[in-house]
Amino acid sequence: MSLIDLANPTKFLALTARLLPWLAGATVILLLIGLYQSAMAPDDYQQGATVKIMFIHVPNAWLSMFVWGIMSIASLGTLVWRHPLADVAAKAAAPIGAAFTFLALVTGSLWGRPMWGTYWEWDARLTSVLILFLMYLGLIALWRAVEDPSRAARAAAVLTLVGAINIPIIKFSVDWWNTLHQPASVIRMGGPTLDNAFLIPLLVMAIAFSLLFITLHLAAMRNEILRRRVRSLQMMQANQKAA
Amino acid sequence: MRLSGHNLRCVRGGREVFSGLDFAASSGEALAITGPNGSGKTSLLRVIAGLLMPSDGAITLDGGAAELTVAEQAHYLGHRDALKPALSVLENLSFWRDFLGGESDDAGRCLASVGLDHATHLPAAYLSAGQRRRLSIARLLVARRPVWLLDEPTSALDTKGQDLFVNLMRDHLAGGGILIAATHTPLGIDAREMRMGAGS
Amino acid sequence: MTALSALIRRDIRIALRVGGGALIGVLFFLTVTVLMPFAVGPDLALLSRLGPAILWLGALLASLLTLDRLFTADHEDGSLDLIVMSRTPLELACAAKALAHWLAAGLPLIVATPVLGLLLNLDGTATLAVALTLLAGTPALTFTGMIGAALAVTLHRGGLLLAVLVLPLSIPVLIFGVAASQAAITGPLSFGTPFSILCALSLVSFVVGPFAAAASLRHGLD
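Residue numbers (the numbering used here), protein chains in the order written: chain A, 8 to 250; chain B, 12 to 211; chain C, 392 to 613.
The shape of chain A in the complex, shown without the other chains (with noise of 0.2 Å):
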């Protein structure tokens, strides 16, 4: 089967409808195979047990902005392409990059609460992902403000576009501000090289986190296909009462 053919709404839920159960059962696996690794981990010499967060908060933080980058290939995808599903995708990617984002922002400031003493430090990296945040959810926003799909799609396509060129300069900014407030003793998420029984585990955990987004996203896919088919329905019911 070629990608031309997988364009056709129907083909991609045929594909789908077979596909999602291997998916979903490679992700409960790994998943299962992570958590357990992460839980034989070490404790950090400096951070005790409370490193261990890391398995969790650096998969989400890192698909916080994998999910941008897919969303944005499909907003060039409505944009330039106008392929048929980009839209579909683009719209379904957005509610579960937010998803990943908020579990990135509430592993990290639980991390932070026994390290800083506080559930909230204006960290430069924990900063970038509430902005992050804030704009999945203007996204969102966008999406449901106007009625009509496709000319939403448009919309949020360049939005999203912006914000990928946007996302790297908010990103230098906010570090550049944060080494102008900040001593730089202060514990800073992610730090120094890991070494192999850290890596492993959070190798692991980021493969399960990403299946777990590709069979989350394939499923919200087919959910907002088959939504526009009941739009259009409607519309044709509606349409035929006034003919």
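Take these hints with a grain of salt, some might be off.
[Unchecked claim] The calculated SDA-like cross-link candidates involving lysine to any residue, where the alpha carbons are at most 25 Å apart (straight line), are: (1) A:LYS18 - B:SER66; (2) A:LYS178 - C:VAL555; (3) A:LYS178 - C:PRO559; (4) A:LYS178 - C:GLY578; (5) A:LYS178 - C:THR584; (6) A:LYS18 - B:GLU27; (7) A:LYS178 - C:VAL598; (8) A:LYS18 - B:VAL22; (9) B:LYS171 - B:ARG91; (10) A:LYS178 - C:ALA397; (11) A:LYS178 - C:ALA591; (12) A:LYS178 - C:ILE403; (13) A:LYS178 - C:SER581.
Hints listed in this document are in silico derivations from the structure and should not be mistaken for laboratory results.
Got chain A sorted already, so can you dock chains B and C onto it with the hints?
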């Protein structure tokens, strides 16, 4: 010169307005698009003007300037008159002349030819609906465009205004122009009629 | 070029005439600044320390909130259709409109800065620094904000949603604008570094803003 559209399909808000639509008009020819409300007359004009993207099909202007799009060689006279109430009549027209790349000193003459030369320095806010329409018609004259796309052009015009406009359309066609108008009432000039069905 | 200068002249003229509302931005700027002492207390030392931040926030909100109608006014009266159809590239027309808006609504903010600096107990150097950073930074705010103004055409509304969409994008300008003013007033950082980055942000927005706004307008008409 020949303006033609082939196999046009237009979808708005998830609803198909028309599909498989063909039309053609040559130099000196007027095409009157008629049909009930909601049959897609305005949508068709906006598709030709490049303001709506057709879901399918293409529009070509044979014999026009090759480096320009159809929209760039067309005037569009829509329901909304593109006038700024804060500016005077002459300022409004001079702006469109400069922006559309018209000749330098004929805005006053164009105002005279639509019968607004007495009001050049009044704010456009003081104009009546018919006078506003006359002023937007004057816009068609300040810059030369071979294609005129007119949406209900004679609405709000009194008999005198309609006569005046008929003469302007005749001049345009005599000069080799193309005219496509969506209309409910007869245009007053020789025009080929194209009827659009409701919702088909 | 005639087309673009005609567009700029028209927009400035409309903004300055009755019903144009270019000066409402300055009034808003003044009001926000006057509100601040009521929130933080009339402590002059504190106000002069917060001064640059207050002025920058006021200018940021004033320049974004006045952008609301940049394209919707032209959309409602049909002018936007003709601008999209014209032989002038839409990106350039958008840039011209943003420039006109900055001249009519952004520049007055900078002119008003010295007066507001007096209210906040800023000395001459500090006021000059804030005015200079606003001069370099407000064009970036206008050119970023115009993306939101173009989205308003699709949304059929403006107001709060636009502010929510555009304000996060203006964070870098705020960071470097305030940092450059503070650097000039208290140091220890050199004024040059944040100021050059601020100018760079403006230059980036000159490219991104018109292209994004034009893309949004082309796809947003109905």
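Now the hints, each set against the structure:
1. A:LYS18 - B:SER66: Roughly 21 Å between the alpha carbons, so the hint for LYS18 (chain A) and SER66 (chain B) holds.
2. A:LYS178 - C:VAL555: Measuring from Cα to Cα gives roughly 18 Å; hence the hint holds.
3. A:LYS178 - C:PRO559: holds, 12 Å
4. A:LYS178 - C:GLY578: holds, 24 Å
5. A:LYS178 - C:THR584: Given pair LYS178 (chain A), THR584 (chain C) holds - Cα atoms ~17 Å apart, limit 25 Å.
6. A:LYS18 - B:GLU27: Within the cut-off at roughly 23 Å; holds.
7. A:LYS178 - C:VAL598: Holds: LYS178 (chain A) and VAL598 (chain C) sit about 20 Å apart, inside 25 Å.
8. A:LYS18 - B:VAL22: Since the Cα atoms of LYS18 (chain A) and VAL22 (chain B) sit roughly 23 Å apart, the hinted pair holds (cutoff 25 Å).
9. B:LYS171 - B:ARG91: holds, 22 Å
10. A:LYS178 - C:ALA397: Violated, because 39 Å separates the two Cα atoms, which is more than 25 Å.
11. A:LYS178 - C:ALA591: holds, 16 Å
12. A:LYS178 - C:ILE403: Between LYS178 (chain A) and ILE403 (chain C) the Cα gap is close to 36 Å, so the pair fails against 25 Å, i.e. violated.
13. A:LYS178 - C:SER581: holds, 22 Å
In summary, the numbered hints that this structure violates are 10, 12.
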